[in-house]
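Q: Chain residues, written in single-letter form:
Protein chains: 2
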Amino acid sequence: MYDRMQELSGRDMEKIHNAAMDLLKNTGVSFNDQEALEIFKKNGHKVDGNTVFFKEPDIVKALKTAPRHFTVHARDPEKNVKIGEDDFVFLPGYGAPFVMDVKGGQRQATMEDYDNFCKLIQTSSYINMNGWMMVEPSDMPHDTVHLDLNLSNMLLCDKPFMGSPVSRQGTLDGIEMAGILWGGKDNIMDKTVSVSLINSLSPLQFSDEMASALIELARHNQACVVASLIMAGGSGPVTLDGVLVLQNAEILAGITLAQLVRPGVPVVYGSTSSAMDMKTGALSIGAPELSKNIHLTAQMARFYNLPSRSGGSLTDALCADAQAGVESALALSTAARSGINFILHAGGILGSYIAMSFEKFLIDEEACGMVLNMFKPLALTDESIDIDMIKEVGIGGQYLTHPKTFRLCRTEFFMPSLMSRKNPDAWTRDGKKRIDQAAQDKVAQRLAAYEKPDIDPEIEKQLTQYVEKRKNA
Amino acid sequence: MYDRMQELSGRDMEKIHNAAMDLLKNTGVSFNDQEALEIFKKNGHKVDGNTVFFKEPDIVKALKTAPRHFTVHARDPEKNVKIGEDDFVFLPGYGAPFVMDVKGGQRQATMEDYDNFCKLIQTSSYINMNGWMMVEPSDMPHDTVHLDLNLSNMLLCDKPFMGSPVSRQGTLDGIEMAGILWGGKDNIMDKTVSVSLINSLSPLQFSDEMASALIELARHNQACVVASLIMAGGSGPVTLDGVLVLQNAEILAGITLAQLVRPGVPVVYGSTSSAMDMKTGALSIGAPELSKNIHLTAQMARFYNLPSRSGGSLTDALCADAQAGVESALALSTAARSGINFILHAGGILGSYIAMSFEKFLIDEEACGMVLNMFKPLALTDESIDIDMIKEVGIGGQYLTHPKTFRLCRTEFFMPSLMSRKNPDAWTRDGKKRIDQAAQDKVAQRLAAYEKPDIDPEIEKQLTQYVEKRKNA
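Just so you know, the sequences run in chain order P and Z.
Numbering-wise (my numbering), the first sequence opens with residue 1 and increments by one.
Numbering-wise (my numbering), the second sequence opens with residue 1 and increments by one.
No lab work stands behind these hints, which were simulated from the structure alone.
Treat each hint with caution, since some may be false.
One copy or two, either will do: identical chains are not told apart, so a pair holds if it fits within one copy or between any two.
27 Å max Cα-Cα, derived DSSO-like pairs, lysine-lysine [what the hints assert, rightly or not]:
1) 404 x 42
2) 82 x 46
3) 391 x 442
4) 279 x 442
5) 79 x 471
6) 404 x 25
7) 391 x 25
8) 103 x 432
9) 103 x 46
10) 185 x 471
11) 25 x 61
12) 25 x 471
13) 55 x 391
14) 15 x 452
15) 442 x 103
16) 471 x 376
17) 391 x 15
18) 461 x 79
19) 432 x 279
Note that the structure is predicted; figures quoted are calculated from it, not measured.
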């Protein structure tokens, strides 16, 4: 397939691989967690203080047991998702402390906001997996908020969800609660029901929270995205090829730990590395370097036969304006076209992760639908081409009134629910609304129409009791 | 290269080709121009009334003489552009009757607007070729406006430009004026200095204006985009594969005429076919079907070894909002990634071609820059990876203060001139401007800073006199 974006040759990928092997062997990666260090030691790794060194066969062995494709089970099995190879999922934004409104008003996010995002995800046609910490609720105690997020994920939405990676205990809470949801922990030990995000601390470190969460998740067969988010020129090299090498070393180190804990546990090769803005010194996620890195990361993941993760609808804009549209669409479509399997941040993010916007969530969601439609292949059969019909209509004829047009016109094309195709008169009559203003009305409608999915009342009670018990512990 | 968009197999393309051959042979194409019919008759085509029939060898012969790559010469040779294979150009919007302002105010376009677009193109870092009829000036007499547009294109901008295809005489005027600009008509008979847009009238027709313009352009070795703009379900089949067949027949018929007139004249395989919106019955150019068609059209053009043309930053939105951003970025990046060579409408279009927006022009222009940056390949040399530097910084080290970061940080990354990377405080201090509002200020700055490119005063005088003489004829 012709593509003006860079195709890495086998030789290029070997070069990145070999440089990462050099780093892993000679510089090593720091794991700030005792159990992680013990696991590495037990498996013959050289460990010096917190620094773990890797030999190429260690990496090769880990890559052999990591699956190239896996299913995340939802409590409604119709909503199970597959991740890997040609299969991919769209997820909401992650980790935003603020909510931005249509007028540019910024406020701290609350638990109610979190719940509302769960409701929008439940009713979404295109966001097919629930996230984690779409917003950070400011009105909940920090130490126990993960329990509330888990509970909302499990009760308000029956799609598969992301798990809690906040700490060892936070992770175990998530697994206990998933056990309750699935009628017993034994039921999920061979069944992946969550995917959690494990970020390295660049350069070349894993924090204690992340390392211990990774171990517990792997132990319980819950999938982990091992991701590196390097700011080129800040927490990593100023050139993107250096970034590819550094992130590769970090990701492979994390994946190796997961496979040592439990060979075969699903892992995802993740990155949203991007450039530093040279004027502000801050990370830019609207930068074209982000899309370039996404495209290259997808290729490196395929090189290792691993599912891949990147960001999606990312932007530096602080309101859902044309900049937000352009930047988000470029990154989202790059991720999806280039073969990313786990597209996080596919909806809602504004301002380099600082805020979520309900309106932008709906706009991005529709962009996901458009991208999916772009991928729908033409049938290219004699029937779909229908040369006889084209001949029958002939020169200067009319297709609008042809029976085939009537028959197919409601199913053949993408039908937007938000994007406007009004003519200027109709648009003026409707108050010349921008799409973000129109989305505001739709958010209210969607939330009003939301219905909580059915759940066994006994399970709901047990989940709620677990949360209460842990909060009072 | 892995790509989630559809790759046509050789067999698929043969199928589309064969169906088009069937149409060309048995249904034919109507050319509403006497000279066109005579040319076809003289070359052995069956002609019945205005309908011309084509045998496959006629098409094959035409394709043999059509170049796969050509140069459009600019009066500043530094600004020559290459079109075909890996080389591509971005052009402004085309044919909009209105101008839309930031507040959604719509007014008829004027000659001053046209001139201002010429000035923005002249000062653009990314739009590398001037267009034609970016807006239709309402304040100029219809019969002679093409002379004014030519004059502005030639005097206000020294980039290569699109030519006038409005009629036989309109085309000849453009060629005469180009002759003056190049110091004599003889100087351009072997040199392509313009590209003109020849649209078919779907299904299966060429109007007298378009057919006669095509003949004169080809005769004078000026490049023609032969393009089909089918509204699937309106002026063509309701399925996109039917559209591919119909547009293929139309484009190949036009290209054959051009090659009969002058074998070897540069031609471009063009389409911006898209879907009809089923609610309004109007063409939707924000639809994902547009991008899908662009991607498939690029493949069909490569099948024939021809340069390709599509639309770029197209949208149905009536203001430069997030919808405009999403739709424009999807079509623009699809065109550029998928290998289109002549990307028309890369800047400014709103509302399904009804209006141009100066602000959106600047936003789209920056999107072009971002897309170009996405294509810039990594060096992937030992020097650019610089493993020693990564080892030196080591675990938990700092790249920000490394000399290499200082050395490269101003050249390594894309520097936006419009897209905001402000933090919320800075953005709030600056009045929480949306990108379209920020663009408004930039438009004024760009126009104020514009300088008319130097030109031989004698040539300028002759051009002006030609226009005056023709207006008074």
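Q: Can you tell me if residue 391 and residue 15 fall within 27 Å by alpha carbon in one copy, between copies, both or neither?
A: Between copies, since 16 Å is at most 27 Å while 55 Å is not.
Q: Since the copies are identical, ignore which copy is meant and state whether residue 185 and residue 471 lie within 27 Å (CA to CA) inside a copy, between copies, both or neither.
A: within (21 Å within a copy, 86 Å between copies)
Q: Please sort residue 391 with residue 442 into within, between, both or neither, judging by C-alpha distance up to 27 Å.
A: neither (44 Å within a copy, 52 Å between copies)
Q: If the cut is 27 Å between Cα atoms, do residue 461 and residue 79 qualify within a copy, between copies, both or neither?
A: Within. Shortest intra-copy distance 23 Å satisfies the 27 Å Cα cut-off; inter-copy 72 Å does not.
Q: Give the relationship of residue 471 and residue 376 under a CA distance limit of 27 Å: within one copy only, between copies only, both, or neither.
A: neither (47 Å within a copy, 52 Å between copies)
Q: Within a copy, between copies, both or neither: where do residue 432 and residue 279 come within 27 Å Cα-Cα?
A: Between copies only: 19 Å across chains, 36 Å inside a chain, cut-off 27 Å.
Q: Within, between, both or neither: how does the pair residue 82, residue 46 come out at a Cα-Cα threshold of 27 Å?
A: neither (36 Å within a copy, 56 Å between copies)
Q: What label fits residue 25 with residue 61 when the C-alpha limit is 27 Å: within, between, both, or neither?
A: within (15 Å within a copy, 61 Å between copies)
Q: Indicate which option fits the pair residue 79, residue 471 if close means a Cα-Cα distance not exceeding 27 Å: within, between, both or neither.
A: For residue 79 and residue 471, the Cα distance exceeds 27 Å both inside one copy (31 Å) and across copies (69 Å).
Q: Is the C-alpha distance from residue 404 to residue 25 at most 27 Å within one copy, between copies, in both cases, or in neither?
A: between (65 Å within a copy, 24 Å between copies)
Q: Regarding residue 442 and residue 103, is the shortest C-alpha distance of 27 Å or less found within a copy, between copies, in both, or in neither?
A: both (16 Å within a copy, 22 Å between copies)
Q: Using 27 Å as the alpha-carbon threshold, which applies to residue 55 and residue 391: within, between, both, or neither?
A: between (66 Å within a copy, 16 Å between copies)
Violated hints for the displayed structure, listed by number in ascending order: 1, 2, 3, 5, 9, 12, 14 and 16.
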